[in-house]
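The residues making up each chain are set out below.
2 protein chains.
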Amino acid sequence: MDIKAYMNDLGQRASMASRALARSTTNARNNALLEIANQIEQSASELKAENSKDLAAGKANGLSDAMLDRLALTDNGIATMAEGIRQIAALPDPIGEITDLKYRPSGIQVGYMRVPLGVIGIIYESRPNVTADAAALCLKSGNAAILRGGSEAAHSNQAIAKTIKAGLEKAGLPADAVMVVETTDRAAVGELVRMDKYVDVIVPRGGKGLIARIIEEARVPVIKHLHGVCHVYIDDKADVEKAVKVAFNAKTQRYGTCNTMETLLVAASMADKVLPELNKLYQKEGVELRGCDKTRAILKDINAATDEDWDEEYLAPILSIRVVDGIEQAIDHIHDHSSAHTESIITEDIVNARRFLTEVNSSSVMVNASTRFADGFEYGLGAEIGISTDKIHARGPVGLEGLTSRKFIVIGDGHIRT
Amino acid sequence: MDIKAYMNDLGQRASMASRALARSTTNARNNALLEIANQIEQSASELKAENSKDLAAGKANGLSDAMLDRLALTDNGIATMAEGIRQIAALPDPIGEITDLKYRPSGIQVGYMRVPLGVIGIIYESRPNVTADAAALCLKSGNAAILRGGSEAAHSNQAIAKTIKAGLEKAGLPADAVMVVETTDRAAVGELVRMDKYVDVIVPRGGKGLIARIIEEARVPVIKHLHGVCHVYIDDKADVEKAVKVAFNAKTQRYGTCNTMETLLVAASMADKVLPELNKLYQKEGVELRGCDKTRAILKDINAATDEDWDEEYLAPILSIRVVDGIEQAIDHIHDHSSAHTESIITEDIVNARRFLTEVNSSSVMVNASTRFADGFEYGLGAEIGISTDKIHARGPVGLEGLTSRKFIVIGDGHIRT
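Same order as they appear, the protein sequences are chains A and B.
The opening residue of the first sequence carries number 6 in the numbering used here; numbering runs sequentially from there.
The opening residue of the second sequence carries number 6 in the numbering used here; numbering runs sequentially from there.
Possibly wrong hints are sitting among the right ones.
Heads up, the list lumps identical chains together, so a pair's fine if it works in one copy or across two of them.
Claimed, not checked - Derived lysine-lysine pairs resembling BS3-like cross-links, with alpha carbons at most 27 Å apart:
#1 K58 <-> K202
#2 K247 <-> K53
#3 K53 <-> K242
#4 K299 <-> K285
#5 K412 <-> K247
#6 K285 <-> K64
#7 K289 <-> K250
#8 K213 <-> K285
#9 K213 <-> K412
It should be emphasised that the hints constitute simulated quantities derived from the structure, not laboratory data.
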């Protein structure tokens, strides 16, 4: 198989389809989503049959139970997938919105129109429900999609692709609007991320290795999410009860998520007041604490944090703790070690709160709230394609708007420039 | 000289300075700009002395008169440079603006805060005034800048850099906030565009060759402007007088700009009505016309357009003309040949106007207005760092807002996720 020619054909067809999508009506796109949801429900037994092939291969290849669990399509999972698409269909249409249309001294009116990006390439691993979810977000925002899932879910992804294409055709939109790459050859990823003629943006959803490789190879712009080394800083002026509550929640509400706190910073004046209580709560949950010297002067039984700990995304019941002089040192620590994902200050002081909000340069900066809130649904975006730790285009949780851009529109009545 | 170490040092210092800028007040940044403007005026004779070295070297190296003209710093040019910086100082501060702060069902407030990107790398050619102009735009938007001008303007750029540093210091901001690369070694560009640890975005200002090289090498995101193959389409339903007026202005108001029309598309039903009149006007200005067969059936004396003409950015008094069936074919032609910069439809028909606005996927799409309006000042942005033909982040004329991004801010009162 000539991978380059194959991917080129996919790109060209997706690009053609994206033009049809750009001129499709809100209703046409919503109907397509509802048809796809129906097709998924009606194809439940076929989806499970194809999924079982992936599961069998996964078992034979020694995938871990956790991996197999993420790979499995259950009746419940299929219903959730269909329901997710219906929820996306119900969101307001971001496309075509005209804003800020104003008269200029020359007499022309100038404003913005929100438009699709064109063709979005999504590269992801294991979970087959991403196929349906990502396709739905792209369609809702008027974009064509080229989806490249993991080889371990190849049968499941192709089965879902079939339901998507059937739904698109039923709604009168081109089936090429969603292309699921059929080859599991890794060279296909290399082609996809360099096809800047046809692909407008790449959204990788996966582990660090995948993303690092894409960044290295990509010619197409990438909306990327590197990792989450999130901090909570308990300020001199913190309320002890709120501090304990938020620091406990930010670590223990879920361990494996990118918005989980990995390092707790505590102002020296507060360390005595919050650390013993937090220690008790964390011990009860089995969280391993690793502290700086000042922390260990208070919590004598915990391990010492190494230099590496401050940069670590544990994704596990482990927490590093550092006692700092105050807000200045806290912000410096965050600047040096944070992944610019999400940081929160606990304080009753408006000066420190404003300073933290201004000076901490992360995609989400919080006051008196758990880092676990950094999420497209919690923020009211209605949907989320990922969380961006980039600075340009989309930053933080990326909803439908991150899959669009704004072009200028100008309305005149025979106006010329003089 | 170890270019890698040198650039790394520049990057590190600019990155440190960007943190000071991010917490600087609106007044501090404006004062710095006013001080820089003063310094430039006070250093006029020194600037001219250094500039004369570049001019002498340029003459010795056989630069064209046009190139030397762009390189020259006159008294008038220096005054304009200072005045331009004062105008930038007078613009509203984009930084720190909080928008859309709304309560969510969980009780947290979620909104956006506009923030600087961090460190901006600007790579440009010949005109030394870009040094002052780009530095001012970056400072106004709270960003540090690393500027890499052309070797032909090396003395002038360093002299301007001195005035900028003096102004920054007078205003109490770090002199490292604007770093002008001192080496003329081209390897410095290669380092700059790959220093993603320190540089947040690259803005190239120069010809196709420069930009192509940067795209090929860059690891840092690039806000780029490729070229301008702009179209005016005279629709079936156009007003003849407006059509002639706009098509004449879009080509002849200036030839060398990226928003100049390069191809005129005319609906078949209008060709007889507009082409003879336009031909007369263009002939008077010495514009060479190159037409399709249908155009040449009406304008018998003009040359035939070749396939290459439809993709050409002439930047010269040359215009290609194609007669099309109607709006459908016009949009198809634009899709195939436009550089997605600026296109305009001339029509009295609201259905065709809306269709053109929706379906033409360019950074500026116009109705009954000259493509020459595609410009940051005409659009009311107050300033312009360039025009982006990218789809993500900033599209079309890029003002201060294009040098910023929005982070999420979350305000709670001890809120936790459950």
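Here is how each hint holds up against the structure:
1. K58 <-> K202: neither (36 Å within a copy, 44 Å between copies)
2. K247 <-> K53: For K247 and K53, the Cα distance exceeds 27 Å both inside one copy (46 Å) and across copies (62 Å).
3. K53 <-> K242: neither (55 Å within a copy, 56 Å between copies)
4. K299 <-> K285: Within. Shortest intra-copy distance 18 Å satisfies the 27 Å Cα cut-off; inter-copy 85 Å does not.
5. K412 <-> K247: So K412 and K247 pass the 27 Å test across copies only (24 Å; inside, 44 Å).
6. K285 <-> K64: neither (40 Å within a copy, 78 Å between copies)
7. K289 <-> K250: within (14 Å within a copy, 79 Å between copies)
8. K213 <-> K285: This pair counts as neither: shortest intra-copy Cα distance 33 Å, inter-copy 63 Å.
9. K213 <-> K412: between (33 Å within a copy, 23 Å between copies)
Going down the numbered hints, you'll see the structure goes against 1, 2, 3, 6 and 8, while the others check out.
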